[in-house]
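Chemist: Use the sequences and the hints to build the structure in full.
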Amino acid sequence: MYVLRRVVVVAVAVGLAAAGVGGGIPSPATGQGAGVFRVPLGGEPPTGDPYFATDFSSGDLTFLMYTTLVGLDSAGKIVPDGARSWDVSPNGLVYTFHLRDNVQFHSGRKVTAADWKWSFERMGDPGLRTAVGDVVLAGIEGYDAQQRGAAGLAGFVLNPRARGGFLNRLAYYAAVVLDRDVVEKGGKGWYEARDAGSGPFTLKEWVHNDHVTLATDPHYFLGAPKVSRVEMPIVPQATTRLSEYQAGQLDLVSVPLADYQRIRSDPVLGKELLVFPRAQIIWFGPNPRVYEPFRDARVRRAFAMAIDKVKIAKAVFFGFYQPAWSIVPPGIPGFYSGYKGLAYDPAQAKKLLADAGVAGKLPPLTIAMNPIAQDYQMAAEAAAAMLKENLGVDVALQKTEFANFQQGMNRRTVFLLLYSKSPLDRVSYANPDFDRFVDDANAAPTEAQRTVLYHKAEALAVEDAAMIPIVFSQFALLKKPYVHGLETTPALTGWLRFNAVSIQK
Amino acid sequence: MICFLAYRVGLTLPLLLGAAVVIFLAGHYAPGDPVQVLLGDHYTPEAAAHMRHDLGLDRPFVVQLAAYIVHAAAFDFGVSYVNPARRVRDIVRQTLPISVRLAACAVLLATILGVTLGVGAAVYPRSVVDRLIQIGVIAGLSVPSFVTGAILVLLFALRWRLLPVAGWGSPQAAVLPVIVLAAAPLAYITRISRASVRQVMTEDYVRTARSKGLRAPAVLLRHVLRNAALPIVTTVGMAFGYAITGAFVVEVIFNIPGMARVAVDAILQRDYTIIQTAVLVYTTLFVVINLVVDLSYAFLNPRVRY
Numbered sequence: 002m003y004v005l006r007r008v009v010v011v012a013v014a015v016g017l018a019a020a021g022v023g024g025g026i027p028s029p030a031t032g033q034g035a036g037v038f039r040v041p042l043g044g045e046p047p048t049g050d051p052y053f054a055t056d057f058s059s060g061d062l063t064f065l066m067y068t069t070l071v072g073l074d075s076a077g078k079i080v081p082d083g084a085r086s087w088d089v090s091p092n093g094l095v096y097t098f099h100l101r102d103n104v105q106f107h108s109g110r111k112v113t114a115a116d117w118k119w120s121f122e123r124m125g126d127p128g129l130r131t132a133v134g135d136v137v138l139a140g141i142e143g144y145d146a147q148q149r150g151a152a153g154l155a156g157f158v159l160n161p162r163a164r165g166g167f168l169n170r171l172a173y174y175a176a177v178v179l180d181r182d183v184v185e186k187g188g189k190g191w192y193e194a195r196d197a198g199s200g201p202f203t204l205k206e207w208v209h210n211d212h213v214t215l216a217t218d219p220h221y222f223l224g225a226p227k228v229s230r231v232e233m234p235i236v237p238q239a240t241t242r243l244s245e246y247q248a249g250q251l252d253l254v255s256v257p258l259a260d261y262q263r264i265r266s267d268p269v270l271g272k273e274l275l276v277f278p279r280a281q282i283i284w285f286g287p288n289p290r291v292y293e294p295f296r297d298a299r300v301r302r303a304f305a306m307a308i309d310k311v312k313i314a315k316a317v318f319f320g321f322y323q324p325a326w327s328i329v330p331p332g333i334p335g336f337y338s339g340y341k342g343l344a345y346d347p348a349q350a351k352k353l354l355a356d357a358g359v360a361g362k363l364p365p366l367t368i369a370m371n372p373i374a375q376d377y378q379m380a381a382e383a384a385a386a387m388l389k390e391n392l393g394v395d396v397a398l399q400k401t402e403f404a405n406f407q408q409g410m411n412r413r414t415v416f417l418l419l420y421s422k423s424p425l426d427r428v429s430y431a432n433p434d435f436d437r438f439v440d441d442a443n444a445a446p447t448e449a450q451r452t453v454l455y456h457k458a459e460a461l462a463v464e465d466a467a468m469i470p471i472v473f474s475q476f477a478l479l480k481k482p483y484v485h486g487l488e489t490t491p492a493l494t495g496w497l498r499f500n501a502v503s504i505q506k
Numbered sequence: 011m012i013c014f015l016a017y018r019v020g021l022t023l024p025l026l027l028g029a030a031v032v033i034f035l036a037g038h039y040a041p042g043d044p045v046q047v048l049l050g051d052h053y054t055p056e057a058a059a060h061m062r063h064d065l066g067l068d069r070p071f072v073v074q075l076a077a078y079i080v081h082a083a084a085f086d087f088g089v090s091y092v093n094p095a096r097r098v099r100d101i102v103r104q105t106l107p108i109s110v111r112l113a114a115c116a117v118l119l120a121t122i123l124g125v126t127l128g129v130g131a132a133v134y135p136r137s138v139v140d141r142l143i144q145i146g147v148i149a150g151l152s153v154p155s156f157v158t159g160a161i162l163v164l165l166f167a168l169r170w171r172l173l174p175v176a177g178w179g180s181p182q183a184a185v186l187p188v189i190v191l192a193a194a195p196l197a198y199i200t201r202i203s204r205a206s207v208r209q210v211m212t213e214d215y216v217r218t219a220r221s222k223g224l225r226a227p228a229v230l231l232r233h234v235l236r237n238a239a240l241p242i243v244t245t246v247g248m249a250f251g252y253a254i255t256g257a258f259v260v261e262v263i264f265n266i267p268g269m270a271r272v273a274v275d276a277i278l279q280r281d282y283t284i285i286q287t288a289v290l291v292y293t294t295l296f297v298v299i300n301l302v303v304d305l306s307y308a309f310l311n312p313r314v315r316y
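The listed protein sequences correspond, in order, to chains Y and V. Going by our numbering, the first residue of the first sequence is number 2, and it counts up by one from there. Going by our numbering, the first residue of the second sequence is number 11, and it counts up by one from there.
Bear in mind the hints are in silico, worked out from the structure with no lab data behind them. C-beta atoms are modelled at their ideal positions from N, C-alpha and C, and glycine is treated no differently. Worth double-checking, as some hints may not be accurate.
[To be verified] Far from chain Y, some chain V residues (derived; all Cβ distances over 10 Å):
no., residue
1, Ala29
2, Val31
3, Arg96
4, His233
5, Arg271
[What the hints assert, rightly or not] Where chain V lies over chain Y, by a calculated footprint (3+ residues, C-beta under 8 Å):
no., region
6, 244–256
7, 270–280
8, 440–454
Modeler: Next up, the structure:
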């Protein structure tokens, strides 16, 4: 029977080959050679220019090919990357980075201080309006770079009122050095044919909507990667990625939430499962602009205390996600470990509503859900049921098309951030104490002082219920047992550059 | 015939023009502002105004519509909103042949098998073979392609490891998607072939052919099939249309980098230029398929004259 099946399949395949179907470049997921690491991209990367890479696919791709001044290790600690070390002036406002003298672009040209300078100028070019410039360059008042013999120096002068998080912003995966020759000579889509990077891997082939192949750079300054190439088939469907992993066509995939329990209890796949914190929070943003009762902090607190986040984490997310008491997720510098926030207390919540004079009089509430992922909706459904049960408020859930959701966010008709002067304000929360804590934190000379002030601001926001944290999500990855040396991170898609990865079958 | 050909081809032009206008209006009045989506958290009124200007969305509506039609007529569909370095024309050029090849293979498989099974069922009515074919037809028509696809992947890719789960570029990778896409058209063609052949077999001229001593295969080939061909050709044309639209599911399930999957990705990313172009391209395909079916009538049946 097996032979018969095989004959039938081969016959059909031969027939299709004769019919000319499937001509072209074989999909990389179908052929495995020694030392080839196969990791999917979740979609066609909209760009290969790191300064415009704000989505996961482009971020995952460019991250492997480029070099930042500093990076993050798997514990979230700042470590040297393109710079071998750095000095800080006594007032903490001037950073001088000592550039490595052995970094070279994939074109073979050495990276110089002038390349770093030109790259940061391009990042901040107002005419180019890069997507990452405002993130990386915030708080930087000036920068310069000079070549001193074989090595170089890059200096940054910080704004004393906005110095917080400078090194973390420099460690952002897109704050990279670019090969000016490649960018300037390559035209608008310079990144389509070749990269301008100096990272462990270089672009070998990009077949749009099908796959990207990265070749190893043997001259990578931290040592040549241990795999011969990285093959990245473009597979938008999470279930298809999982099936390809199960069929042995991929080496590393993320696990869809719906499949987590099945994978965890599977005797084979369960052993290949990696679970670790993710820098992501699911939260509820009480916006007084669209729901008048939220102007009273007691009402917001009542809503926060009526949502049982422990139960949501356990029952809705089967213990995979963790209840969120603070706002900054674990794994992100500044995580407020041990902070307990507002506990679940329906009786106290009812009392707060009575004190505010709105018990039994609350108008119906509509919660707009982020439609982009299933877990937002799962959390919203559970929270809505708890609010109805504990406070008697009628809650409707509104799932809109993402374009409308984004529009609502930008018009501040839906959600966060909490700093009243922030362009990203989403919930119209204006508390001078909160703003003062943030201002003081940004001006604090040391990281320790800054963290204390950020924690005060965070605690104020949680206790004021300006934002109601629900759960912290986690990463769940499946990794083949023959893949060694993978380093994980709470950020991005969950992994660091693959320069230490080896395939040992 | 030439007049008819000119008339039918001429009719397609206002049809496509109307389609282009409707597609443009739908994109223009669809909820959600593409500029706000593209800017995301980087949205400011100034940045939005810049982007709107760059994309030409700040021009008067009529100017935008006219520019769209003029450019579309020259096969210039602009650039992708999400990746402005890529021209939509290039995306169509790369992806459409894959979708057409996939659909053509599915229709070819469905036609060869469907006509064979339909004729077999008609020649041996109410036999075991006929009953089995009828059950297969009902299954083919009732089971959706995403279910067929999942079952075939489970068996052939995950359990027996005979074929890849997904992908494109090798004959093995094409086996499952072609079978899944061919399933429903196969059922349609089988049913129509059976009915058409059964009906023609009752005609007087078939009885005459038999009574003059013509052998059964010759009767079938010369007299029955030729006269039964018209409805079958219509169904094959419709099957091609089905295969083109069915590719929207199959290309996603099997991760095939064709036009349909690109269109689905574009919808999820709000890449409006690609969405509009995909709709226009598929409309044109349907118009062309209908035209070819109409013309094939005259070719196949001398009695049909326009």
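Chemist: Is the Cβ of Val31 (chain V) more than 10 Å away from each Cβ in chain Y?
Modeler: It holds; Val31 (chain V) is separated from chain Y by about 22 Å at its closest Cβ, greater than 10 Å.
Chemist: Closer than 8 Å, Cβ to Cβ, for at least three residues: run that test on the region 244–256 of chain Y against chain V and report holds or violated.
Modeler: Since three or more residues must qualify, the claim that chain V covers the region 244–256 of chain Y holds, with 6 doing so at under 8 Å.
Chemist: So is the region 440–454 of chain Y in contact with chain V by the C-beta rule, three or more residues under 8 Å, or is the coverage claim wrong?
Modeler: Since 0 is below three, the answer is violated.
Chemist: Classify the label on Arg271 (chain V) as holds or violated, using whether its beta-carbon is more than 10 Å from each beta-carbon of chain Y.
Modeler: violated (7 Å)
Chemist: Find the nearest Cβ of chain Y to the Cβ of Ala29 (chain V) and say whether that gap is larger than 10 Å.
Modeler: Ala29 (chain V) is indeed farther than 10 Å from all Cβ atoms of chain Y, at 23 Å.
Chemist: A cut-off of 10 Å on Cβ-Cβ distance, and His233 (chain V) was said to be off the interface with chain Y. Does that hold?
Modeler: holds (30 Å)
Chemist: Is the coverage entry for the region 270–280 of chain Y by chain V consistent with the three-residue Cβ rule at 8 Å?
Modeler: Answer violated; 0 residues pass the 8 Å Cβ test.
Chemist: Find the nearest Cβ of chain Y to the Cβ of Arg96 (chain V) and say whether that gap is larger than 10 Å.
Modeler: The claim breaks: Arg96 (chain V) does not keep its Cβ more than 10 Å from every Cβ of chain Y (closest is about 7 Å).
Of the numbered hints given earlier, the model fails hints 3, 5, 7, 8; all others are met.
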